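Visitor: So you can see what is in the structure, the chains are spelled out below.
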Amino acid sequence: MQEAIKSIILFGVLVLALPLFNSQKVILWDSPRESNQADIFHSFVFSYASKVEDMKRSLSTKAQEIKVVDTSADSTSSLQNQALPPQSIDKPITSVDPATSATSIQNQVKEINPLSPYRFLLVGDSFMAVMGGVGDILESSLLKYKSVEVLRVGKVSSGLSRPDYFDWPNQARQIITNSQPNVAIVMLGTNDAQSFETYSTDGVKTIFKYGTQQWGQEYRKRVREFLEIFQANNITVYWIGMPIMRDPSYSERIRGLNLIYEQEILNFSNARFIPTRDLLVDSNGNYASSLTDFRGRQMATRVADGIHLTVFAGEIVEKQVIKIVGEDITLEDKY
Amino acid sequence: MFFLTIEFFAFFFLVLLLNWLLKKWPLVWRLFLLLVSYYFYWLWDFRFLGILVVVSIFNYILGLLIERNFWHSRRFILICGVIANVAVLGFFKYYDFFRVSMETFLPKLGFSTNLPFLEIILPVGISFYIFRNISYLADVAWGKIKAEKSVIDYSLFVAFFPQLLAGPITRAGDFLSQLKNGGNRVITDFYDNITLIILGLFKKLVLSSFLVLNLTDDVFAVPQNHSAEAIFLAILAYTLVIYFDFSGYSDMAIGYSGLLGFKLPANFNTPYLATSLKDFWKRWHISLSSWIKDYIYIPLGGNRKGAFRKNFNLIFAMTISGLWHGSAGHYIFWGFWHGVGSAFEHLFSDKSKMPMTQLNNAKTSSQIKEKLKKVFGWLATFIFVAVGWVFFRAPSFQGALAMLGGLFKPSNVVEAIPLLVILVTVGGLLFLFLEKPASTGFNRLQARLPFALWLVIIVIIFISLFNLSPQTVPPFIYFSF
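Chains as they are written, first to last, in this note's numbering: chain A, 1 to 335; chain B, 1 to 481.
Hint data in this document are derived by calculation from the structure and do not stem from the laboratory.
With a cut-off of at most 30 Å between alpha-carbon atoms, the simulated BS3-like pairs for lysine-lysine come out as follows:
hint, chain 1, residue 1, chain 2, residue 2
1, A, K25, A, K209
2, B, K24, B, K180
3, A, K146, B, K409
4, A, K146, A, K323
5, B, K293, B, K282
6, B, K263, A, K6
7, A, K6, B, K24
8, A, K51, A, K221
9, A, K25, A, K221
10, B, K23, A, K6
11, B, K278, B, K371
12, B, K293, B, K144
13, B, K369, B, K436
14, B, K282, B, K146
15, A, K319, B, K108
16, B, K436, B, K373
17, B, K409, A, K144
18, B, K293, B, K263
19, A, K319, B, K409
20, A, K334, B, K409
21, B, K149, B, K24
22, B, K278, B, K369
23, B, K436, A, K6
24, A, K6, B, K180
Predicted, not measured: the structure shown is a model, and the values here were computed from it.
My request is simple: use the sequences and hints to build the entire structure.
Guide: Pasting the structure below:
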């Protein structure tokens, strides 16, 4: 029985110690993933780690403020900031103005004429990073053309919502400096329909709850800033929209994100949006778990999670991308 | 809830506590373990739980009918039971493969098919628990074990949470006896179990995850965009990844079970040190390979019906093993590859038996020659197995050929492979040789430490492992089988 007590104590200590020392990892691991079922154990560990993380941040913020007080002697402002509670923004998101909805994207004047050789940069989340998306299929497909080089950089569970996990703007800047691409294909968003927080330089935390107008504004700003990086480097951007999803509420969130990308891209003459939402739907425009292939066979479109794509569906999206890219760029077969 | 998440540790802490408290009341204890196992499974998808419960009760009843020789048709009930279990597995796992295959081939023969498309989600662990049920029915029918009288015990044998999702495929005879009279009252090999959990976490969280994220996923996805050197390294790394991933899971399953007082069979025994394919299959996924041997290879006649049938049975059984992993052609080919390799090995070793003895007698074979033979056997086995994994891992058969072709094609791609990736791959290879002695040494070290110091060291190890882990929960490869 002695060993049993030892093992009980060990796991008791582990449950207390691991979220304390690995709080950030617990929070990162909570990002959307398969089988992420909420249960009491998950809730306990997550809320414990979140509290630890908040505590760590407040400690580091206090340290920063003390430093400011020592050097600037402007103690009142830092004290005021310290007294401010975290801001929480709850106003509901307003509906998107249909006038600005980018249905007339084809009519936009675009300056898309990168010169051969085409150095493609493919960036994005799991849809670019691993099987179950478009990235690997698209890369293979592009490599069949003359004068094409491809660099694919995908990061699972990444997006523009959580720069603390993966900072796409910074990463993109570095990749662009190192590899000098002239065409970029972006596919992001799977993990972005979530609340996020920002910290101002004086340590004030602002929580942006998903679904509020302010969340939309902040997210738009991030999309815009991301696109500006490509614009500043004279890179043509193709932004692949997310396809329809099985879960209706998740699918609706994704539709909202697509609209943001589509609208923001209108402001950039070097960028085009590639809608994919209607590619994987049935005749009524609803989510289709299967579609008919050219032989007349019913083929599955999604893997078990109802989010990621089968190879068959990945190829449908890839063909659409190649078609749109091919309208601007002359892609010649190698063989 | 994955084995390697902290929320699992919280769950396990509570289970551990109640497990040892409730042992005084065996019925309550067994019921408790069954309920927590069902809760564990329910967290994956509550719809799957219904299938698990129905399959368990169905096989429990069949076991009783077989033992009572109901209607004097023991064999008939066994066959019906096996067909029903295979049908459940087949429906979830192979329906779409079957449907697409029919729609491809039948029109060529002038027939039309109209099988409906069904969006089927594979219940996690179904391949493992269906095999557990089939082996139980066969063992009862063959008189190896008595049918289980308690529906709670039988259901727990099928659903015991540490082995539910990806094995080991425990046999009823080994497991059910551990439930009687409140089971074991002490943890045997306590430090071994702790070592196994740490080893499993290290292999999965650190080694396997690193190589997957930094090398194998990318290269296998688009081999044509990588240099021959990167492809070679990726093949080598995937050989390590599949072992670290699956044996890491098995280590943890055995370790967690051990802390609850259960002894599960070893599933891996340093397989990459094998000096022949026969040896490899005695060391790799032992619970599956012994299942295939006992319930497919031997009933087909094994090696009792001549050389031709023996080799045919071998190839057939290994191909079934490939099919068990998935309905795609590349899995089937992987099984066939091993089947043909094993058959060739048998043919070669059968023929070489006599001459070798004569050579030994003639003292022309020195110890050095024996050692060289072993080294050659190890290398040949390792290369054969590694090539097999290319077919296993690649998204398709063509993808596997592209990987292997990429090894020989003169490549104009200059690719800087990060030094850390090379170091982890080489380190992983060395780890294969060090794993066993290091584990034994660590067990001894733990036993010598006073409790407080032991606790601090183990907790620091866990914290370090999580620090080295990737930024997302790495899924286990074998959960999709």
